[in-house]
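Hey, can you work out the whole structure from these sequences and the hints?
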Amino acid sequence: MVEFCAMVKIILRDKEYLVHPGMDLLAALKKCEILPESVIATRQGEIITEDEILHDGETVRLVAVISGG
Amino acid sequence: MPQHRMALCKDHFLEWVPEQTARFIKKYWMFGPEERILVAVSGGKDSLSLWDILHRLGYHADGLYLCLGIDGGINYSTRSQQLTEKFACERGLTLHVVNVQEQTGRTIPQWNEINLRGREKPCSLCGLVKRHEMNRVARDLGYDVLATGHNLDDEASVLFGNTLNWSSDFLLRQGPVLAETPGLARKVKPLCRFYEREMTAYALLRGIEYIYEECPYAAGASSIYYKELLNQLENHRPGAKLAFYLKFLEARKSGFFAEREGVEDVELHPCLHCGQPTSAPELCSFCRMIKVGQVE
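In order, the protein sequences belong to chains C and X. Just so we're aligned, residue 1 is where the first sequence starts under the numbering used here, counting upward by one. Just so we're aligned, residue 1 is where the second sequence starts under the numbering used here, counting upward by one.
No lab work stands behind these hints: they were computed from the structure. Computed from a predicted model, the values in this text were never measured in an experiment. Careful: at least some of the hints might be erroneous.
Below, simulated DSSO-like cross-link-like pairs (lysine-lysine); rule was C-alpha separation at most 27 Å, straight line [stated by the list, open to error]: (1) X:Lys10 / C:Lys9; (2) C:Lys9 / C:Lys30; (3) C:Lys30 / X:Lys10; (4) C:Lys31 / C:Lys15; (5) X:Lys27 / X:Lys291; (6) X:Lys130 / X:Lys291.
Chain X side only, calculated, beta carbon under 10 Å to chain C, not exhaustive [said to hold, decoys possible]: (7) Gly44; (8) His150; (9) Met199; (10) Ala201; (11) Ser223; (12) Glu228; (13) Cys287; (14) Lys291.
Just so you know, even glycine gets a beta-carbon here, dropped at the ideal spot from N, CA and C.
Have a look at this one:
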C-alpha cells in the first residue's frame, strides 16, 4: 500500500516552497537555499527553533530579518 | 544563539536583551540615568524595540518620527507613522513628529526630482535631511543625546563597506558613540552589539507591531548586499559578524587607526542660516539644498 503524505509549506514574503515532512527546520531551509541567519521561522504565530521537526501539512512562515538601505 | 553559545526561552530572552542593552550603555558611556534621550524612530523593528527597551530600563526617552513622504505604492511613510503613533499611544510615550514636506516645502521624492532629476535613488539626500532634522530637534528641544536603532548587522555592513573602500576617515569615526560637538548632539547606538536576527526575535516576542516592508528605495542597496555576504560568512562561522565589529572597536581604541599626518582638522563654523556646524563657507548642505529648491 502506498502512503501519501502532505507536504510542508514554507512561505517567505511572496514565495512558497514545499518540503517533505519529517526533516528539521534547518534541513528544510537548506533544501530551499535560505540562509538561516536571514530569517526567523514561525508556526501558528510562534517562533520555532532550527531543530524543530516539521510535520505533515504544516505551514511555516519565515520573517525576513534584513532591513535598511 | 550559537554566536553566544547559549539558548534562551522566551521569558529569559526578553529579560536578556534589556539587560545586555543596559550593559552596553554603561560600557560605552552612552548616557546616564538623568539625561534626556531622543530616540529616532522609523516604525521599524529596531528603533521601536530600542524605544521599548529604554522605556523598560527607566530612561527618559522620547521619540522622534520624521515623515519623509515616501509612498512607493505601499503608503510606506503613512503606515510607518501610524504604527509609531500607535506604539507611543499604547505606552503613554511622548512622540515628536516632523513632516519633512511641511518643514522644507517638499517630500523626499520631490526633493529628489529637483536635485537629481529623479536619475538616482534619494538615499543620500534622505540621509542629509534626516541628520539635519534629527540634530535640529534634539538641539531645539534640549535633548542630551540622540539614540538610533542601528544593530550589529548595520554596523558590520557599514564597516565592511568602509574597509572595502579603505575609507579611513569613516573608519576613525565609526563606533557606538559619536561625541557631541558645539551644535551637534551626541549620537549613540545602544543596540550595536545585537544581531539583526536577535532584534527581530525581540520585536516578535514582545508583540511590537512594526512595518515589515522595506523602504521602496532600499532594493539593490549595497548595505543590504553586504549584509547578505556577511550572513553567508556567519552561517559557516557563527560569531564572525560580532568578532569583526568588536575586533575593529578594539583596534580603533588601541590606536590602530590614526589621523593622517599633515592633514589639518576641517574647521567647522555655524551655518549662516540654520546655525548647525558646517565646513562649507556659508550655508550647510541642507540649507543649500533648500535654497536651490526655492529657486526651482
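Here is how each hint holds up against the structure:
no.	hint	result
1	X:Lys10 / C:Lys9	holds, 25 Å
2	C:Lys9 / C:Lys30	holds, 14 Å
3	C:Lys30 / X:Lys10	holds, 25 Å
4	C:Lys31 / C:Lys15	holds, 14 Å
5	X:Lys27 / X:Lys291	violated, 43 Å
6	X:Lys130 / X:Lys291	holds, 17 Å
7	Gly44	holds, 6 Å
8	His150	holds, 9 Å
9	Met199	holds, 8 Å
10	Ala201	holds, 6 Å
11	Ser223	holds, 5 Å
12	Glu228	holds, 7 Å
13	Cys287	violated, 25 Å
14	Lys291	violated, 27 Å
In this structure, the earlier hints numbered 5, 13 and 14 are contradicted, and the remaining ones agree with it.
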